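Assemble the complex: chain B is given as a structure, and chain E must be docked to it using the hints.
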Amino acid sequence: MLLIPCPWCGERDETEFRYGGQAHLARPLDPHATGDAEWAEYLFMRDNPKGWFRERWNHAAGCRRWFNMVRHTVTHEIAAVYKPDDPKPELPE
Amino acid sequence: MADATLFARRRSPLQDHGAALSRGAVSGPRGVTLTEIPHLAQITLRGDPGNTDFLAAVRSALGLDLPLKANTVAAAGDVSALWLGPDEWLIAGAPDSEADLTARLNAALKDQHVSVVDVTANRTVLELAGPSARAVLEKACGLDLRPREFKAGQCAQTNLARTVGILEMTQGGAWRIYVRNSFAVYLADWLLDAMAEYAIDAKF
Chain B
0 MLLIPCPWCG ERDETEFRYG GQAHLARPLD PHATGDAEWA EYLFMRDNPK GWFRERWNHA
60 AGCRRWFNMV RHTVTHEIAA VYKPDDPKPE LPE
Chain E
0 MADATLFARR RSPLQDHGAA LSRGAVSGPR GVTLTEIPHL AQITLRGDPG NTDFLAAVRS
60 ALGLDLPLKA NTVAAAGDVS ALWLGPDEWL IAGAPDSEAD LTARLNAALK DQHVSVVDVT
120 ANRTVLELAG PSARAVLEKA CGLDLRPREF KAGQCAQTNL ARTVGILEMT QGGAWRIYVR
180 NSFAVYLADW LLDAMAEYAI DAKF
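Taken in order, these protein sequences are the chains called B and E.
Anchor point for the first sequence: position 24 equals 23 in numbering that gives the first Met the number 0, and the numbering is continuous, going up by one each time.
Anchor point for the second sequence: position 52 equals 51 in numbering that gives the first Met the number 0, and the numbering is continuous, going up by one each time.
Pulled out of the complex, with its shape left as it was, chain B reads as follows:
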């Protein structure tokens, strides 16, 4: 099990959290002016890296806040957690 450091509550068991997928997806500002391809890209297409990934998590059984995490998809190593409006941390090497 992962021990996830919630930016507010501190380290908690993974079972207290819900996964929210890739972070930093920007919704097209005007969906009506957005073409089908671009809309589908926003709606369905996600990165699936083997390595470091910026992703969203929700502390569902705790403070119920969303935050972002940089996790390695192979080793599960957690490089950073940050609040949604914090600047993006650099990805580790």
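These aren't lab readings, by the way, just hints derived from the structure by calculation.
Owing to the predicted nature of the structure, the values given are computational and were not obtained by experimental measurement.
For each residue, glycine too, the CB sits at the ideal point set by N, CA and C.
Hints may be right or wrong, so weigh each one.
Label-pair ranges, simulated between beta-carbon atoms [unchecked claim]:
hint: 1; chain 1: E; residue 1: R8; chain 2: B; residue 2: E76; range: 53 to 63 Å
hint: 2; chain 1: B; residue 1: P88; chain 2: E; residue 2: R10; range: 43 to 53 Å
hint: 3; chain 1: E; residue 1: K68; chain 2: B; residue 2: R17; range: 38 to 48 Å
hint: 4; chain 1: B; residue 1: L28; chain 2: E; residue 2: A134; range: 50 to 60 Å
hint: 5; chain 1: B; residue 1: G20; chain 2: E; residue 2: F6; range: 41 to 51 Å
hint: 6; chain 1: E; residue 1: A134; chain 2: B; residue 2: Y18; range: 27 to 37 Å
hint: 7; chain 1: E; residue 1: G76; chain 2: B; residue 2: H75; range: 24 to 34 Å
hint: 8; chain 1: E; residue 1: A24; chain 2: B; residue 2: M44; range: 56 to 66 Å
hint: 9; chain 1: E; residue 1: R58; chain 2: B; residue 2: P86; range: 32 to 42 Å
hint: 10; chain 1: B; residue 1: T72; chain 2: E; residue 2: R10; range: 42 to 52 Å
hint: 11; chain 1: E; residue 1: I199; chain 2: B; residue 2: M44; range: 53 to 63 Å
Same frame as chain B, now just chain E:
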């Protein structure tokens, strides 16, 4: 607010469970007791902790400073404020004080961008006390509850025996568990079962 007749008829989730709770009590050096504290007034308060007007208004309404440190509790008299999130607190008070607390908060916070919601009917409170209380709770909860990590005046929302609850350690060293009404009997039975081993005299 419910009228007086409805108020008199309200029932707490563990109202008919008193015999089981007293049967499960363990005395002595390994003692532990489980009791219900029914009908505590509870109010969810949300507002911007960066706004000094908001903090000052709450101070004037409740006589306490909202805790800004995560998972801590501030108390004044029989009113306490539990940190639930960076902009969310649970205000707990004596039974039947929810109307008064709500009115005081609403009056002090008039015209501010806040939320004051009476959630008294949402949860009941279990209190686990005695020398073995922490050992019992550790079976239900993955948090580090040792005294150096979890001190009086701290709280946490977490998974407890496969349900969720708000855990608070009182100044007296007892554990208060705020649990949803519909899970209260389940959690009480779970804890009573966890308490049973401490009643056995282990001199064999």
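Starting from the hint list further up, note which numbers the structure goes against and sort them upward. 3 and 7
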